[in-house]
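Trainee: For the sequence shown, counting from 1, position 198 maps to 198 in our numbering; every step adds exactly one.
Be aware that one or more of the hints could be misleading.
Derived SDA-like pairs: lysine to any residue, alpha-carbon spacing no greater than 20 Å straight-line [what the hints assert, rightly or not]:
1) Lys166 x Gly212
2) Lys31 x Lys249
3) Lys166 x Ile143
4) Lys122 x Ala141
5) Lys198 x Gly215
6) Lys244 x Val197
7) Lys122 x Ala66
8) Lys31 x Glu3
9) Lys226 x Ser237
10) Lys31 x Glu248
11) Lys249 x Pro209
12) Lys122 x Gly142
13) Lys122 x Asn88
14) Lys176 x Asp204
15) Lys244 x Asp34
16) Lys65 x Glu123
17) Lys249 x Gly215
18) Lys201 x Asp162
19) Lys166 x Glu207
20) Lys244 x Tyr32
21) Lys176 x Gln165
22) Lys201 x Gly212
23) Lys176 x Gly188
24) Lys172 x Gly14
25) Lys31 x Glu96
26) Lys226 x Leu238
27) Lys226 x Thr50
28) Lys122 x Val177
Don't read these hints as lab results, they were simulated from the structure. This structure is a prediction, so every number in the text was calculated from the model and none was measured.
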Amino acid sequence: MGEAKIIAVAGKGGVGKTSVSAMIVRILTRKYQDARILAIDADPAVGLATALGVTVERTMDDIRKAIVENVQKGQKKEAVECLGEARNLMFDALEEQEGFAFLAIGRPEAAGCYCAVNAYLKEVITTMAEQFDFVVIDGEAGIEQINRRVMERVTHLILITDPSQKGLQVVKTIKKVADELVMYEACGVLVNRLPDVKMLKFLDLEEIPYLGAVGQDSSLTEFDLKGENILNLPDSSLLAAGVKEALEKLHIV
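With the sequences and hints as input, model every part of the structure.
Mentor: So this is what it looks like as structure tokens:
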């Protein structure tokens with residue numbers, strides 16, 4: 001299918017990024033049944049695995065820590081050799097599912113800086129983009145991964161907000177930073193959990209292209225409560241319709 005489409009989903013915490021990311025994966029697997037599709041859970045909250053019904057056995061951070069431990073124990077290797085080993089182990093961490101592969105970046109056990117994990121994620125995106133037709137990234141909340149150039153190779157940036165000033169401010173900030181640091185082809189905002197379409201006129205998106213809206217989806221709420229994965233949501237769900245509209249406007253489907 002040519003060069004990979006790398007789709008990153010970003011926004012503040014709690015606006016439904018993970019649900020949107022999971023629905024993107026579902027739509028792509030149904031639309032492009034022969035395509036190689038990778039879902040990356042890059043959010044330390046690690047919710048995408050649950051949303052897609054994936055059991056994670058090993059994360060990329062597990063691999064990173066294992067390599068660091070080997071070096072600290074005296075099993076020293078050249079830095080280039082360690083990086084080469086890490087690249088090979090990336091593929092060992094892939095969880096093969098029906099229609100897509102899954103990779104969890106993981107999170108450090110220690111609180112605080114995620115610099116090492118983010119640096120690793122950047123390497124993962126670069127390497128994996130060569131092996132897949134579509135890469136869907138559920139990014140962490142806020143602008144950190146954008147600001148650190150982790151997402152610089154992203155081709156499509158989907159910003160998620162709810163109908164709140166805080167949500168809007170975060171996506172505006174992400175867009176401004178991304179304009180300088182991300183080599184994206186297309187970007188837009190999807191408004192999630194919109195109680196009434198009449199509220200759209202009050203949302204000041206400034207120059208960010210509008211991709212669509214998702215109403216308050218009772219079927220999604222029910223699935224969340226039951227712990228069921230989003231791949232089984234009915235086609236009539238508001239989430240499915242809203243995300244499909246966004247992907248169509250971005251010329252992805």
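Trainee: Next step is simple, just say for each hint if it's right about the structure.
Mentor: Against the structure, the hints:
1. Between the alpha carbons of Lys166 and Gly212 the distance comes to roughly 19 Å, so the proposed pair stays at or under 20 Å and holds.
2. Distance hint between Lys31 and Lys249 is fulfilled; the C-alpha atoms sit about 15 Å from each other, no more than 20 Å.
3. For the hint pairing Lys166 with Ile143, the CA-to-CA distance comes to about 13 Å; that is within 20 Å, so the pair holds.
4. Between Lys122 and Ala141 the alpha-carbon distance is near 16 Å, which keeps this suggested pair within the 20 Å criterion.
5. As the CA atoms of Lys198 and Gly215 are separated by approximately 12 Å, the hinted pair is consistent with the 20 Å bound.
6. A C-alpha spacing of about 17 Å is found between Lys244 and Val197, which places the hinted pair at or below 20 Å, so the restraint holds.
7. This hinted pair checks out: Lys122 and Ala66 have alpha carbons roughly 19 Å apart, not beyond 20 Å.
8. The suggested pairing of Lys31 with Glu3 holds, with an alpha-carbon distance near 18 Å, which does not exceed 20 Å.
9. For the proposed pair Lys226 and Ser237, the alpha carbon gap of about 16 Å is at most 20 Å, so the pair holds.
10. Taking the CA atoms of Lys31 and Glu248, the gap is about 12 Å. The hint holds against a cut of 20 Å.
11. This hinted pair checks out: Lys249 and Pro209 have alpha carbons roughly 10 Å apart, not beyond 20 Å.
12. As the CA atoms of Lys122 and Gly142 are separated by approximately 17 Å, the hinted pair is consistent with the 20 Å bound.
13. Between Lys122 and Asn88, the direct Cα distance comes to roughly 15 Å. Compliance with the 20 Å bound is thereby established for this hinted pair.
14. At roughly 15 Å between alpha-carbon atoms, Lys176 and Asp204 fall within 20 Å of each other, so this suggested pair holds.
15. A threshold of 20 Å between alpha carbons decides the hint, and for Lys244 with Asp34 the separation of about 19 Å falls inside it, so the pair holds.
16. A C-alpha spacing of about 16 Å is found between Lys65 and Glu123, which places the hinted pair at or below 20 Å, so the restraint holds.
17. Of the pairs offered as hints, the one joining Lys249 and Gly215 holds, with about 18 Å between alpha carbons and a cut-off of 20 Å not exceeded.
18. With a C-alpha separation of about 14 Å, the suggested pair Lys201 and Asp162 falls inside the 20 Å cut-off, and the hint holds.
19. Pair hint Lys166 plus Glu207 holds up; C-alpha atoms about 17 Å apart against a cutoff of 20 Å.
20. This hinted pair checks out: Lys244 and Tyr32 have alpha carbons roughly 14 Å apart, not beyond 20 Å.
21. Using a Cα cut-off of 20 Å, the hinted pair Lys176 and Gln165 holds, with the two alpha carbons roughly 17 Å apart.
22. A C-alpha spacing of about 13 Å is found between Lys201 and Gly212, which places the hinted pair at or below 20 Å, so the restraint holds.
23. Between the alpha carbons of Lys176 and Gly188 the distance comes to roughly 12 Å, so the proposed pair stays at or under 20 Å and holds.
24. At roughly 17 Å between alpha-carbon atoms, Lys172 and Gly14 fall within 20 Å of each other, so this suggested pair holds.
25. For a cut-off of 20 Å, the pair hint linking Lys31 to Glu96 stands: about 19 Å separates their Cα positions.
26. Distance restraint check for Lys226 and Leu238: the Cα-Cα separation of roughly 18 Å lies within the 20 Å cut-off, and the hinted pair is therefore satisfied.
27. Pair hint Lys226 plus Thr50 holds up; C-alpha atoms about 11 Å apart against a cutoff of 20 Å.
28. A distance of roughly 17 Å separates the Cα atoms of Lys122 and Val177; the hinted pair therefore holds under the 20 Å criterion.
Taken one by one, the earlier hints all hold for this structure without exception.
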